[in-house]
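Undergrad: One line per chain: the protein sequences are A and B, in this order. Residue 32 in my numbering sits at position 23 of the first sequence; the count goes up by one each step and never skips. Residue 274 in my numbering sits at position 175 of the second sequence; the count goes up by one each step and never skips.
Among the hints, a few may not be true.
Said to hold, decoys possible - Short derived list, chain B residues pointing at chain A, Cβ under 8 Å:
id : residue
1  : 156
2  : 174
3  : 178
4  : 233
Note that these hints are calculated values from the structure, not bench results. Keep in mind the model is a prediction, meaning the values are calculated, not measured. Just so it is clear, CB atoms sit at the ideal spot from N, CA and C, and this is done for glycine as well.
Each chain, written out:
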Amino acid sequence: MSTPNRDAKSTISNFTHYPDDAGYFDEFGGQFVPEILRPALEELQAAFSKLKQDDAFNRTLREELTHYVGRPTPLYFAANLTRHFGRARIYLKREDLAHTGAHKINNTIGQILLARAMGKRRIIAETGAGQHGVATATVAAKYGLECTIYMGEEDMERQYPNVQRMRMLGATVVGVTSGTRTLKDATNEALRDWLTNVDTTHYIIGSVVGPHPFPALVRHFQKIIGEEAREQIQHQAGKLPDYLVACVGGGSNAIGLFYPFLNDDVQMIGVEAGGIGTGPLQHAATLTYGRPGVFHGMRTYLLQTADGQVQLPYSISAGLDYPGVGPEHSLLKKSGRVQYLAVSDAEALDAAFLLTRLEGIIPALESAHALAYLPKLLPHTTEAEIVIVNLSGRGDKDMQTYIQHMEKEQQNK
Amino acid sequence: MSQRLREHIQRTLAGGDKLFSVYITAGFPEKAATLPILQALDAAGVDFVELGIPFSDPIADGPTIQAASTRAIENGTTLPWILEQVAQFRRHSQMPIILMGYLNPVLQYGMERFCRDCQQAGVDGVILPDLPFEEAHALMPFFHAADLDNIYLIAPNTPPARIRLLAEHTTAFLYCTAYTGVTGANRAAEQQTTQFFAALREMVDVPYIIGFGIHSAEQVHRYNAVADGVVVGSAFIRFIQQQPLASIPDAVRTFVKGLTQRKH
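Let the hints inform the model, and build the full structure from the sequences given.
TA: Here it is in structure tokens:
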């Protein structure tokens, strides 16, 4: 294992004051969008700046998070998993227990309140695994706004139960047939819809990606994960954790957990989807194998060809299958503050089954990537140390993949 | 600034004519078609061409240009190849050429190198819709050094102060999208937008042309009445993909004539 980042030298002393006024996380981020979207981004920035300091807005948000979303989510001491590795104590931040089964609702509930305050009548969103689509359709149903979700046709096949949930919630699910028919193309289609209906529509982007102010805005609504975990671990263990581990696709659950700890002496590991290999088209490990470029309105690490064409990502997990990554992660990687690495499809599957059998918790395939780093990390830890893993979602949507895996294992026996 | 482009625009407008330009994705429908298409557009009297650099994720484009981009990439179209085509075209023609595309392929090529190689190939200007003014401003020295025009876009939802800013900094002309949306939508010239364009005359003193979704002589006529000219993109791509290579010169002449009723 390469050495984690505790001693990494960085010239940055305060990681929490990004982005700057222009939307930059050092050299990453920005606002690389056609002029048509500029008025909407400015309107959004103005509304966000005002409302995040508005008592009534924050009270409503807090009430929704408590009574509708079910927060705070537990910080669960995984005794069996801890015993299995026999080293550091492992805690799971149970975002899988939030309403709709993943952390995505933290963001959608915040953004729908923003949309309502801006007087928007219509909501659009992209979705990969369908978790963000479901979380968006859910809040749109609750607040009575028209909702259209863009989803790649390949993902619709992989995550069909979520398609049915979105439809039951009253959303229109538009299958995207362009490009790779996955998350990146669903995002393209959502951006095109927004360009066309910019006056009436708010785009609830699902991760800490896209043009400014989205990365900062989504972080604002997701950082509650880390704020709660920080308080809970001090209460339960009497100290801060030594390690934080989270999976990274676009990176919203990871930023949510990491952000409140960025200036603490805590090591952080972002786990990317290593797929089936290290070559092109074999993985979705943007920070591990990509290089900076401009995509979906931001400058960030990107999987791309030498010519600057965006490369098809691959992962067994539809929620990690994205060729870009949030610009704040690009900064955290470049500065050495967070260590990013990739685990394979097979390692993620093994980790999902290990957690299920030991703790009775079926994790989402995305979260299983974070869990899959434990066998590599734990041998280097001591019993006095603490690891928090973000269990970002539950695995119901992945049952088809898990069942196939079990059947394959049966045949091999 | 490109003298060739600026002088051509001034001469055309001074003579009471309107500008008529065409967008075509480079390397579409096949690589062998690009040079013949440029030559045919020149012969048909088009004022300048916007030659598209294909990109994998063209967020401001509708299905027609998306498909053309995908096809061009599959055909192996790259920025160095596009610059070669322009250089070849330049040996026999002075029709201005503007490269239009998304930022990332240009960034990966290197902005300074891109500007220098554009100048060498005989490119006159660039339009990069996802490179906003705030980002482009720092790059202006490169554009200036290479005599390249950097053309900004505005839309009917762009606020007046922003329009004035972009009009002040755009060189050659201002590109106006006919509506808020993506390229190639089937929308008539609405009264509200024609009023917006007519009012621009009072606000800006650079030439401005209208693009997005233009496919009929009637639209060209209506937009010419309130602007300095038009760009036709998706409609040309839909047309050209049905033409065999050998008939490109005649077909292009018929297409241009059909939209402009010009005699050349």
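Undergrad: Against this structure, judge whether each hint is valid.
TA: To see whether the hints hold, each was checked on the structure:
For residue 156 of chain B, the interface hint holds, since its Cβ comes within 8 Å of a Cβ in chain A; the closest pair sits about 5 Å apart. With a least beta-carbon distance of about 13 Å to chain A, the hint placing residue 174 of chain B at the interface is violated under the 8 Å criterion. Interface restraint check: residue 178 of chain B against chain A, minimum CB-CB distance 7 Å, threshold 8 Å, status holds. Hint on residue 233 of chain B holds. Least Cβ distance to chain A is approximately 7 Å, under the 8 Å limit.
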